[in-house]
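Since chain G is already given, all that's left is putting chain C on it; use the hints.
2 protein chains.
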Amino acid sequence: MINIAVLGYGTIGSGVVEVLNTNGDSIKKRAGDKIAVKYVLDIREFPGDPVMDILVHDVDIILNDPEVKIVVEVMGGVEPAYTFVKKALLMGKSVITSNKELVAKHGATLIDMAKERDLNFLFEASVGGGIPIIRPLNQSLTADEIVEITGILNGTTKYILSKMSDSGMDFEAALNDARSMGYAERDPSADIDGHDSCRKIAILSSLAFGMQVDFEDIYTEGISKISDKDIKYAKSIGARIKLFATSIKENDECVYAMVAPVMIKANHPLYSVNDVFNGIFVRGNVIGDVMFYGSGAGKLPTASAVVADIVDAAKHLGKNIWTIWSSRKLELADIDLVEHRFFVRASVSGGRDLKAHLDKARELFGDIEPLDCVVEGEYAFITPLIKEKDMKEKKERMEGLLNVIRVRF
Amino acid sequence: MINIAVLGYGTIGSGVVEVLNTNGDSIKKRAGDKIAVKYVLDIREFPGDPVMDILVHDVDIILNDPEVKIVVEVMGGVEPAYTFVKKALLMGKSVITSNKELVAKHGATLIDMAKERDLNFLFEASVGGGIPIIRPLNQSLTADEIVEITGILNGTTKYILSKMSDSGMDFEAALNDARSMGYAERDPSADIDGHDSCRKIAILSSLAFGMQVDFEDIYTEGISKISDKDIKYAKSIGARIKLFATSIKENDECVYAMVAPVMIKANHPLYSVNDVFNGIFVRGNVIGDVMFYGSGAGKLPTASAVVADIVDAAKHLGKNIWTIWSSRKLELADIDLVEHRFFVRASVSGGRDLKAHLDKARELFGDIEPLDCVVEGEYAFITPLIKEKDMKEKKERMEGLLNVIRVRF
Numbered sequence: 038m039i040n041i042a043v044l045g046y047g048t049i050g051s052g053v054v055e056v057l058n059t060n061g062d063s064i065k066k067r068a069g070d071k072i073a074v075k076y077v078l079d080i081r082e083f084p085g086d087p088v089m090d091i092l093v094h095d096v097d098i099i100l101n102d103p104e105v106k107i108v109v110e111v112m113g114g115v116e117p118a119y120t121f122v123k124k125a126l127l128m129g130k131s132v133i134t135s136n137k138e139l140v141a142k143h144g145a146t147l148i149d150m151a152k153e154r155d156l157n158f159l160f161e162a163s164v165g166g167g168i169p170i171i172r173p174l175n176q177s178l179t180a181d182e183i184v185e186i187t188g189i190l191n192g193t194t195k196y197i198l199s200k201m202s203d204s205g206m207d208f209e210a211a212l213n214d215a216r217s218m219g220y221a222e223r224d225p226s227a228d229i230d231g232h233d234s235c236r237k238i239a240i241l242s243s244l245a246f247g248m249q250v251d252f253e254d255i256y257t258e259g260i261s262k263i264s265d266k267d268i269k270y271a272k273s274i275g276a277r278i279k280l281f282a283t284s285i286k287e288n289d290e291c292v293y294a295m296v297a298p299v300m301i302k303a304n305h306p307l308y309s310v311n312d313v314f315n316g317i318f319v320r321g322n323v324i325g326d327v328m329f330y331g332s333g334a335g336k337l338p339t340a341s342a343v344v345a346d347i348v349d350a351a352k353h354l355g356k357n358i359w360t361i362w363s364s365r366k367l368e369l370a371d372i373d374l375v376e377h378r379f380f381v382r383a384s385v386s387g388g389r390d391l392k393a394h395l396d397k398a399r400e401l402f403g404d405i406e407p408l409d410c411v412v413e414g415e416y417a418f419i420t421p422l423i424k425e426k427d428m429k430e431k432k433e434r435m436e437g438l439l440n441v442i443r444v445r446f
Numbered sequence: 038m039i040n041i042a043v044l045g046y047g048t049i050g051s052g053v054v055e056v057l058n059t060n061g062d063s064i065k066k067r068a069g070d071k072i073a074v075k076y077v078l079d080i081r082e083f084p085g086d087p088v089m090d091i092l093v094h095d096v097d098i099i100l101n102d103p104e105v106k107i108v109v110e111v112m113g114g115v116e117p118a119y120t121f122v123k124k125a126l127l128m129g130k131s132v133i134t135s136n137k138e139l140v141a142k143h144g145a146t147l148i149d150m151a152k153e154r155d156l157n158f159l160f161e162a163s164v165g166g167g168i169p170i171i172r173p174l175n176q177s178l179t180a181d182e183i184v185e186i187t188g189i190l191n192g193t194t195k196y197i198l199s200k201m202s203d204s205g206m207d208f209e210a211a212l213n214d215a216r217s218m219g220y221a222e223r224d225p226s227a228d229i230d231g232h233d234s235c236r237k238i239a240i241l242s243s244l245a246f247g248m249q250v251d252f253e254d255i256y257t258e259g260i261s262k263i264s265d266k267d268i269k270y271a272k273s274i275g276a277r278i279k280l281f282a283t284s285i286k287e288n289d290e291c292v293y294a295m296v297a298p299v300m301i302k303a304n305h306p307l308y309s310v311n312d313v314f315n316g317i318f319v320r321g322n323v324i325g326d327v328m329f330y331g332s333g334a335g336k337l338p339t340a341s342a343v344v345a346d347i348v349d350a351a352k353h354l355g356k357n358i359w360t361i362w363s364s365r366k367l368e369l370a371d372i373d374l375v376e377h378r379f380f381v382r383a384s385v386s387g388g389r390d391l392k393a394h395l396d397k398a399r400e401l402f403g404d405i406e407p408l409d410c411v412v413e414g415e416y417a418f419i420t421p422l423i424k425e426k427d428m429k430e431k432k433e434r435m436e437g438l439l440n441v442i443r444v445r446f
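These protein sequences, in sequence, are chains G and C.
Everything in the first sequence is counted per my numbering, starting at 38 for the first residue and increasing by one.
Everything in the second sequence is counted per my numbering, starting at 38 for the first residue and increasing by one.
Same shape as in the complex, but just chain G (with noise of 0.2 Å):
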């Protein structure tokens, strides 16, 4: 029997159990042993719970018992979890994490801390959920050089931008629903905004290439400025606008990596991600792409990844699991530096015709050509490949502008 403390009993503390005593058989044979709850912590009570047999509060009882192998922190947010986390590591046990946050800001120091005590420190669960992509990652993906990955990693965002397509609703409109559903917090800035993304995309980062990637680093653009009229544009043309997550090694001198809505068609094979699924799209230099979808982060699919990392610590008790992600900071290219193509929409005002605003546009962006107007008074095209630091400059000088979206065709 291997004894494990559970810190957290929300949404996906209580799955765990809840996996753990469903599919108890199954998992000792695959553990090669019994997987026994020990103790659950929370500041809260359950009463009528059976969790209350096992509940503390204090996580100190936890740490000091030596029976406790495996310590599974599912409470997020960087404290106290790192301190639990760091304490248990120190105390000779292992640690499995659904927690992000902490994973981006401090995965390099506790994967080093495990390491040098031959204890495991694991977080399938922190990036996609149910979607196996860390193991693959560090175990499977292990012949090629990483050249891409890029994700859509964000549930609530991917819940809005789909809203928006598929009912015509504006930005407002779909977050509101997607408040009323349940899927959008009461302050949704993490999500919306891209920083839960970001974080995400700096956890794959470090590990597929192998040193530290700071999520502070990395440029993030949320989803807000994206309206009905870019959505419209999108559709006209046979388009989708997605959250990306990406990360790209362009070549040794050259890895840069952001969060930013983006047009792709349907040849992009994370196209068709659609509602109910994550996806993970990596592009090897030998193995050429592999995708990974999968159930997001729902209470199920997620607490089934941190059973498979308790499963995986189980049968690794005493051997470090190797995990190529140094404290060695990777230098990001800086975004300015990067090219791509652009979707414009700008407005037909101040008097002039399309004409004249085109005639106009083309002095900034060259010969491009107007889409087929789908939005009274406005007018819009695609650019070439630009460098990012003079699309910024030429945003300043385009007259009647209204927004800007990176395109991947």
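Don't read these hints as lab results, they were simulated from the structure.
Any given hint could turn out to be false.
Note that the list lumps identical chains together, so a pair holds whenever it fits in one copy or between two copies.
[Stated by the list, open to error] Calculated cross-link-like contacts (lysine to any residue; reagent style SDA-like; alpha-carbon spacing at most 20 Å):
1. LYS269 - GLY437
2. LYS266 - ASP214
3. LYS352 - ARG154
4. LYS366 - SER63
5. LYS431 - ASP371
6. LYS71 - TRP359
7. LYS124 - ARG154
8. LYS269 - PRO87
9. LYS336 - GLY61
10. LYS123 - LYS397
11. LYS352 - SER363
12. LYS356 - ASP155
13. LYS397 - PRO117
14. LYS356 - GLY69
For chain C alone, kept in the frame of chain G given last:
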């Protein structure tokens, strides 16, 4: 430095050497040590190829060299591969293989032999080319009871069915096209009759259910009966025909497996698996639906999977990586008892009109409705759920029957 030997210098074997050369540095970082190819075994000579320096014709040189820690078997076929692999394990060497015939036939035995000797027998490349699926099943989906695995696992049949659908070719023309493109073997029966897919789903099923699934027990039907007329009808209802290799656990008493063409619609996750990609869909009782897509069985993708196994074996010298595939046989349910819906196509003949035919068909299948006619002199319909056994009997009694295809929508 960890010395390995490669048995067979064909497409995959030369790909393995190429990947180890191309990505040597990053592979060294991930394996923790340099991987060196000490020998390549082949009966042929390769004048001018640097492989000549390490080429041997006698497998005993490899087997008897204690410096060789890992043997990579990429010859294909059951013999002499099986003999060589067994001897390598007996001599204390871990073995990596891409050989689906070998794994389907002797996987459980070889896994046991490796386990008893603290060695590893790994076979990621035997299914799905570069797609990581064996390791995810073994190590990532361990919290789940797997209830379904369905894959599109054979490139030749995927190409032929796509060709028929995109260009309206009949089966023979599409097969000849596949031959001329080098996608079909001179004797393509292993592919088009479903035997290749059958071995692959036997491997995946054994891993998913943890018991030996004999490929000889799997109901297997190929694509040679699919006509351009079936494709026309499929298109007319927004469906596609794919060769599915599938294994489903309906409950503890009923696990069945089959390889057969099926009609699916856009709501099926494997609908959009296109020319370049293979796809494997897995449903777990807690994780929900997960999918793995990737470049199929090309030289470098497959070599990438082989090399990832080499890295894993190198990291686990002296320690067996647990594989849940016991030699205990899983008795598959009798396919006769499984229910499906069927697409049925028949000719309007015998001097009777459509109504008379439909009346007869309704006597057999209940209140079926004909699909809109897209082939002169024929009619088609989709049955309600029927047991396979009953369908067999009804097929005998059905007048003018032309073809029957299982339906999954």
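| field | Homo-oligomer pair classification [ASP214, LYS266; C-alpha up to 20 Å] | value | within (19 Å within a copy, 46 Å between copies)
| message | Checking an output row: LYS356 and ASP155, CA cutoff 20 Å. Within, between, both or neither? | response | both (5 Å within a copy, 15 Å between copies)
| query | Quick one: LYS124 to ARG154, C-alpha cut-off 20 Å, is that within a copy, between copies, both, or neither? | reply | Classified as within: same-chain Cα gap 13 Å, cross-chain 37 Å, threshold 20 Å.
| field | Homomeric proximity label, LYS71 with TRP359: Cα distance no greater than 20 Å | value | between (24 Å within a copy, 16 Å between copies)
| query | Within a copy, between copies, both or neither: where do LYS336 and GLY61 come within 20 Å Cα-Cα? | reply | Within one copy, since 18 Å is at most 20 Å while 41 Å is not.
| message | For LYS366 and SER63, with the copy left unspecified, which applies at a CA distance of at most 20 Å: within, between, both, or neither? | response | For LYS366 and SER63, the Cα distance is within 20 Å only across copies (17 Å; inside one copy 41 Å).
| request: If the cutoff is 20 Å on CA atoms, where do LYS356 and GLY69 land: within, between, both or neither? Let me know, please. | output: Both: 15 Å inside a copy, 15 Å across copies.
| Checking LYS123 and LYS397: alpha-carbon separation at most 20 Å within a copy, between copies, both or neither? | neither (59 Å within a copy, 74 Å between copies)
| Taking 20 Å as the upper bound on the Cα-Cα distance, should LYS397 and PRO117 be classified as within, between, both, or neither? | Neither: 56 Å inside a chain and 73 Å across chains, both beyond 20 Å.
| Can you tell me if LYS352 and SER363 fall within 20 Å by alpha carbon in one copy, between copies, both or neither? | between (24 Å within a copy, 17 Å between copies)
| From the Cα coordinates, with 20 Å as the cut-off, is the pair LYS269 and PRO87 best called within, between, both, or neither? | For LYS269 and PRO87, the Cα distance exceeds 20 Å both inside one copy (52 Å) and across copies (58 Å).
| said: When Cα atoms must be at most 20 Å apart, do LYS352 and ARG154 count as within-copy, between-copy, both, or neither? | reply: This pair counts as both: shortest intra-copy Cα distance 16 Å, inter-copy 18 Å.
The structure shown violates the earlier hints numbered 8, 10, 13.
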